[in-house]
Amino acid sequence: MAPTAPARPAHPVDEVPPVRRLAAFGLQHVLAMYAGAVAVPLIVGGAMKLPPADLAYLITADLLVCGIATLIQCVGFWRFGIRLPIMQGCTFAAVSPMVLIGTTGGGLPAIYGSVIVAGLAIMLLAPVFGRLLRFFPPLVTGTVILIIGVSLLPVAGNWAAGGSGAGDFGAPENLALAAFVLAVVVAVQRFGPAFLSRIAVLIGIAVGLAVAVPFGFTDFGRVAEADWLGVSTPFHFGAPVFETSAIVSMLVVALVCMTETTGDFIAVGEMTDRKVAPRSLADGLRADGLSTVLGGVFNTFPYTAYAQNVGLVGMTRVRSRWVVAAAGGILVLLGLLPKLGAVVAAIPAPVLGGAGLVMFGTVAASGLRTLARVDFAGGHNLTVVAVSVAVGLLPVGVPTVYDRFPDWFQTVMHSGISAGCLTAIVLNLLFNHLPAGGGSAAAEPGRLAGGGGQQRVEQAGEKVV
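Mapping of the sequence shown onto our numbering: position 263 corresponds to residue 267, and the numbering continues sequentially without gaps.
Note that these hints are calculated values from the structure, not bench results. One thing to keep in mind: the hints can contain errors.
[Claimed, not checked] Think about it this way: if two alpha-carbon atoms lie no more than 25 Å apart in a straight line, the pair counts; the simulated SDA-like pairs of lysine to any residue are:
#, residue 1, residue 2
1, K53, A191
2, K279, D379
3, K53, K279
4, K53, Q193
5, K53, V245
Kindly produce the complete structure, drawing on both the sequences and the hints.
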C-alpha cells in the first residue's frame, strides 16, 4: 500500500484555536469595536430625540445584527462572505444622511426604506467592484491603509480625553488613565509570553477597568436597570417608507462604504498573507449588502468592515477568521442580553482610548510596510502618496471644510478614507497608466513608472479579471 501524503496544514486564517483562546481573542475584538458600534444608534437616535427606551432598543438591535453580519462575513455561505477576520459594524458615513432623513419628516421608517434599497444595490454592484481590484496595486493599497490608520487616531484621542461631549473632556486624570492602559499594552507585548502578548489589548482594558472603578471613572448603575432579555423584531418602528431623496442619499453612502470596505479587505489580506482576489472581494461586498438589508429589516443601519479591528489583527498577529466569528457570537449574545451589553458599555472612554492608540497606529504602520515595496525613484509615486494622504486627512484635521458643498459631495469627501482612496486610484491611473507627456519622465519600455513590483501586481490582477 502506497504511503498516504501528509495532510496539508491549514492556512492561519482557517485555523481554529482552542476554545479558551477563541473566547479571549473574540472578546478582545468586541471590546475594540463596541464604542464605535453603539455610537451610530446613539447619535442618530439622539438627533431624533427618541425616548430612552427606543434608544436602548436601537442599541440592542445594532449589536444583534453586528454579530450576524460578522458571522456572515467570516464564516460565509455560498457567494456571501470574504472568509477573512473582518469585524462588521454600523458605518459612520451614513450618520449625517440618516439624521437628515430622520429629522425632516421621514422618521425611522424612511431611514430603513433607504437602507434596504442601499443594501440591495451593494449586492448588485459587488461583482463590478470585484473587477476593479486591479486598480489597487501596492501604491494605492498602502496609501489607503496608511490613511485608514491615521484618520482613526483622532477617534482614539477623543476617547483618551474622556469621550466627545464629556464634561471632563481633556482632564489630566483621563489622559493619565489612557496613558496607563497604553503602557500596560506595550509592556505585555514586550515582556509577556506569546499567548498573553496576543491578548495585550484585552489585558490592558481589564487592568485599566480595575483601576478606573475605585477612582470613580465609571458607573455600573445602568447594569441593574437593563433588561435580561431583549429580542429585536422586524419593522419594530413601522413598515419601511421608500422616499426618492432618502434613497438617493443612501446610494451615495453605499458607494462610499464599498470603497472603504475594499480598502479594509485588502489591508486584512495583506496582514494575513491571503491576498484578496476579485471573486472574494465581490463575495465580501455582497455580504455587506445582505447585512445592510438585514439592518433595514431589524431596525438598525448600514454595515461595513470596522477598521479598528483591522489594526487589532495586525497588532496581535492572530489571523484566524474563527476568532472574529467568535466575536460575532459574543455580539449576538450582547444583542439578546441587554444586561451584558450594559456591562461592556460601562468601560470608560479613556481605557478604550489607550488601547485604540496602539491599534490604530498599527494600521498606519501596516500601510507604511506596504508602501515599502513601491518604487519611489521617479518621484511620480511619491506625488500619488503625498496628494492622496493630504486629501484624505483634510476632513480629519478640518471637519467643517466641506460644509458649504452639496450633501452628496459632503457624504463622499467627509470620509477621509473614501476621499483618499479615490484620489489614490485617480492619480495612480494618471501617472502610471496614461501615456507619458513630453514634459514627463517617461517610463522604461515594458515597465511602469511606479516600479516593477507594482507592475507585476497589476498584471497579475488583469489576468485574474
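Hint-by-hint comparison with the structure:
1. With a C-alpha separation of about 44 Å, the suggested pairing of K53 with A191 is violated against the 25 Å cut-off.
2. This hinted pair checks out: K279 and D379 have alpha carbons roughly 20 Å apart, not beyond 25 Å.
3. This hinted pair does not check out: K53 and K279 have alpha carbons roughly 45 Å apart, beyond 25 Å.
4. The straight-line distance between the Cα atoms of K53 and Q193 is roughly 44 Å, outside the 25 Å bound, and the hint therefore fails.
5. For the given pair, K53 sits about 20 Å from V245 by alpha-carbon distance, which is consistent with the 25 Å threshold.
Of the hints listed earlier, those the structure fails to meet are numbers 1, 3, 4, in rising order.
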